[in-house]
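Mind docking chain B on chain A? Use the hints.
These protein sequence lines are chains A and B, in that order.
Note that my numbering has the first sequence beginning at 1, numbered continuously upward.
Note that my numbering has the second sequence beginning at 1, numbered continuously upward.
None of the hints are false.
Covered stretches of chain A (chain B as the covering partner; in silico rule of three or more C-beta atoms under 8 angstroms from a C-beta of chain B):
{"no.": "1", "region": "286-292"}
{"no.": "2", "region": "472-483"}
{"no.": "3", "region": "488-499"}
{"no.": "4", "region": "508-519"}
{"no.": "5", "region": "530-537"}
{"no.": "6", "region": "549-558"}
Treat the hints as calculated values from the structure; they're not laboratory data.
These numbers come from a predicted model, not from an experiment.
Yeah, the Cβ is synthetic: ideal placement off N, Cα and C, and Gly gets one too.
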Amino acid sequence: MDQQVDVVVVGGGSTGCGVVRDLARRGLDAVLVEKGNLTHGTTGRMHGLLHSGGRYAVSDQKSARECIEENRVLRDIAGHCVEETGGLFVKRPEDSEEYFQEKLEGCRACDIPVEVIDGEEARRREPYLARDVEKAIALPDGAVDPFRLCVANAADAREHGARIETHAPVTDVLVEGGEVVGVEVEHETGPGERVHREPGTTEEIRARHVVNATGAWAGNLGEMAGVDVEVRPSKGVMTVMNTRQVDTVINRCRPKGDADIIVPHETACILGTTDEEVDDPEDYPEEEWEVDLMIETLSELVPALKDARTLRSFWGVRPLYEPPGTGTEDPTDITRDYFLLDHGDRDDLPGMTTIVGGKLTTYRMMAESISDHVCDALGHDATCDTADAPLPGSESEARMAELMDEFGLRSPVARRSGQRLGSRADDVLDDCDPNPVICQCEGVTRAEVRDAIGEAGSDLNAVRLRTRASMGNCQGGFCTHRIAAELAQEYPEPVVRDAEDELYQERWKGQRHALWGRQLSQAMLNHLLHATTMNRDGDPANLDSEVDFGAFDAGADSEPAGPNEGGNAGTATADGGTDGDR
Amino acid sequence: MAIDSDVLVVGGGLAAITSAVAAAREGADVRLVAHKSSTLRQASGLIDALGYVPATEPAKPLREGPPTAGRKLDRDEWPDPEGPLADPFEAIDRLPETHPYRVLGADALREGLELFDDLAGDAYRGGHTDRNALLPTYGGSVKPTARYPAAAEAGLASDDRPTLIIGFRSITEYDARAFAGRLEAAGVPFDVAGAEVEFAEAFRADTKVTRFAKALDHDEAIDGVPAREALAKAVGPHLHDVVDEAGGVDRVERVGFPALLGDDRGDEVRAELSDRLGADVFEIPMGPPSLPGLRLEDRLYDALDAEGVRFETGNPVVGIETAANGSVETVAVDRKGRETPYGADAFVLATGGLVGKGLDSDRDGVRERAFGLRVEQPADRYEWFVDDAFGDQPYARFGVRIDGDGRVLDADGVPEYDNVFAAGGVVGGADAAREKSASGVSLATGIVAGRQAATEATQ
Chain A
1 MDQQVDVVVV
11 GGGSTGCGVV
21 RDLARRGLDA
31 VLVEKGNLTH
41 GTTGRMHGLL
51 HSGGRYAVSD
61 QKSARECIEE
71 NRVLRDIAGH
81 CVEETGGLFV
91 KRPEDSEEYF
101 QEKLEGCRAC
111 DIPVEVIDGE
121 EARRREPYLA
131 RDVEKAIALP
141 DGAVDPFRLC
151 VANAADAREH
161 GARIETHAPV
171 TDVLVEGGEV
181 VGVEVEHETG
191 PGERVHREPG
201 TTEEIRARHV
211 VNATGAWAGN
221 LGEMAGVDVE
231 VRPSKGVMTV
241 MNTRQVDTVI
251 NRCRPKGDAD
261 IIVPHETACI
271 LGTTDEEVDD
281 PEDYPEEEWE
291 VDLMIETLSE
301 LVPALKDART
311 LRSFWGVRPL
321 YEPPGTGTED
331 PTDITRDYFL
341 LDHGDRDDLP
351 GMTTIVGGKL
361 TTYRMMAESI
371 SDHVCDALGH
381 DATCDTADAP
391 LPGSESEARM
401 AELMDEFGLR
411 SPVARRSGQR
421 LGSRADDVLD
431 DCDPNPVICQ
441 CEGVTRAEVR
451 DAIGEAGSDL
461 NAVRLRTRAS
471 MGNCQGGFCT
481 HRIAAELAQE
491 YPEPVVRDAE
501 DELYQERWKG
511 QRHALWGRQL
521 SQAMLNHLLH
531 ATTMNRDGDP
541 ANLDSEVDFG
551 AFDAGADSEP
561 AGPNEGGNAG
571 TATADGGTDG
581 DR
Chain B
1 MAIDSDVLVV
11 GGGLAAITSA
21 VAAAREGADV
31 RLVAHKSSTL
41 RQASGLIDAL
51 GYVPATEPAK
61 PLREGPPTAG
71 RKLDRDEWPD
81 PEGPLADPFE
91 AIDRLPETHP
101 YRVLGADALR
111 EGLELFDDLA
121 GDAYRGGHTD
131 RNALLPTYGG
141 SVKPTARYPA
151 AAEAGLASDD
161 RPTLIIGFRS
171 ITEYDARAFA
181 GRLEAAGVPF
191 DVAGAEVEFA
201 EAFRADTKVT
211 RFAKALDHDE
221 AIDGVPAREA
231 LAKAVGPHLH
241 DVVDEAGGVD
251 RVERVGFPAL
261 LGDDRGDEVR
271 AELSDRLGAD
281 VFEIPMGPPS
291 LPGLRLEDRL
301 YDALDAEGVR
311 FETGNPVVGI
321 ETAANGSVET
331 VAVDRKGRET
341 PYGADAFVLA
351 TGGLVGKGLD
361 SDRDGVRERA
371 FGLRVEQPAD
381 RYEWFVDDAF
391 GDQPYARFGV
401 RIDGDGRVLD
411 ADGVPEYDNV
421 FAAGGVVGGA
431 DAAREKSASG
441 VSLATGIVAG
451 RQAATEATQ
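Isolated chain A, as found in the complex (with noise of 0.2 angstroms):
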């Protein structure tokens, strides 16, 4: 099945995602390949800032200018991926003066709205703020849901005529007469959506051009076509706590440091992060000081953080990148803007492009700025519409309004269904009857995650990100099984068991994280549920000797008679063991 497109992005995160929606939406024939789930590389692994431009309204006011356009138009087009928290940078008494002065004119120059406002009414709007926060400046941070904003791409990319292919991870850059004509994909469990245990398959996707939007990864694609892309990964931890200590973003008000930001993300609060840059974006070590490094530094701001759940923590990898010869030792000191590489200009290898640096707040900026090079390397003459196009279920402010009372008034749960829906509440919830929840801590039903699954197949992990099952506190251990339980409607019981092992497998990585305190009594608990309630670990249909049935108890009634049977167990036994004597 080989196919002929304009354009073959690579790359399933926030840039991937507005590139095809952006192309998709010019008329162009667009395909996205991602080797993982949407969001699976960085865009899934940060900490779902909205940034106001404050934190760049110092050191690098070009991208601080951008956020700021861009935060407007992600609350417009958006709506139900955008949570409106709104932002302080607090001020300690040890940070310093000149610098909250420098912050202060910085975001006035960029015409990010402030307000100055004292510890006092900084505490109000916070009660957990530390006593000796002094004073803080309030402007428009957010919290936005990567997974969400990303399938909402997607899921217009497709309305709009493109094909979007996850765990389809590139094999090889096709390069003929020194062009770039397409690529190589491996489809894991062939084309669509993922399932267990179906075969893989191969596909020869020629384009008339590739975008190469991998990030952290794009040197890995640039090396199969040939081309070096100098990418500096710098890793960063986010701990995720079990609640919002916090409703605002907190920015801690001092030049550039680790551990300086606080973002309240649907039920938990998300502490970040640290900056070092590793060889592999793929292998690099989690390490323990850095999350003692969040709750120790975020402490002096919020000091209840200090005795605080924590549910896990996970790392993300930047994809940082400068132009070749500039040299800056500093990961943090590395500009965060994004980089649009010609490689016909750069290299001689017309056909494909890359992009680079950037964040998830101007993605969408990035993905025009990409797409209009597109069209003119492929001289189609469109304009884009993605600013002012609100993308799937943030259509129409009312109808969320009307969906969060036609829901909201009887239940919470459906009230948070409504919010992570937007408009396409009613369609999916009014498809279920009954609706149980099936992640109790998320308020998660059945009708979100069927919904789910139709769209990702059985692969778990991508209805977890859909839709925050799995993601509160018990981290799984009492939904794991539900969630793959609704996959037997559609799937053969092998497919249910695979994909039930993997999420678990996926949330006992980030918990490695959390091993103290309550989030190890819930550890032990969900061992205990899994292993004992369950026996998940020792199921016979997983391992690889058979049982001998007939060697176990089958009932005193029909137990033979025997002097080592029937009543007084004080006598020895050792014959039901290995022989099985019936």
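For chain B alone, kept in the frame of chain A given last:
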């Protein structure tokens, strides 16, 4: 003025009750104080002894050094456990040396099970043999267990009669078809089918199992039809769902339901359903809140009462006072903010593990909460876990260490106090979850601790 007894048992679960009864039967005057309701209600109600010897060689980490999330794990790289074991006793020698079964000996387990049989009476089965039974779990697996509720008996996996597994569309714990498929994948010696039926739909979504149980107990009318009849009617059309190997239709001879078939009148509910369906009926033990666990808890507390043990729940032990000779004289019980000393000649610590909150932890370490006893642990919390969720998790073995008499040991391996014994989840060394040994460890450590505490107190 101190509240005194010969033996004071701290804790309220299976191990605490076992040790309290064991001590009382030795003639001691026994008092039991429990902080919270026991974890029995979170447990399946099955009494496991030893079902597997799990692999203990270090699983291959995802990477050397600190963990990474980057690479995918391949479950085939991790070794299978030995088991399921038909005989729980003969495998004890192959457990790690520090395992409570190794420390106390197989007889402790045997005697603990005997005591349990005595306390549980006709509500439990399995005491007729030393062999383990295999029972279906709600995860769709089968698991080895030593004792099982009478309500689960017809579900034994070594029984070859054709079986129907019932699921309810509004109860989300399992899908009955996937359940049946998974039993087949386990190679069970019977034909099996799963069916999702519409009984529970008469209740609102997310109704608790206790509510269903009550409706069946009282045979409440559901849309005008008594609940038991309504349930039998919902199941009726599926009695021929099972297809045998030759492609023929089997009429099922037994039907499994999630464990919600009545609470107080479970026997009656099962008998009526069985009568209506013309097939044996069994319950599949479920997760929390677990009716079989709650029923067992009720039964054990009745037994405790009958043995003359005084007990109180709701108040934690928050500290200890030692005498000049180094033994513990009193413990401080926090009664609504006021610390009251409870004195005894011997103490049994049975406060549970990480779940029961007998153990507490923070980023710096794991502690025993009530007596401040030593808990063996790697100093670095990144050595508390391994990368495979079902691997040989060090945290799963956390707890205090005991000697052959159940006395708690200090770092040098000598008893910390002459009169402090420990039992149940607070005792470390077992990986109860993977071994399927949680109840057996509670019974074995409970009976030893109870008896030795009584001996210590009355000598």
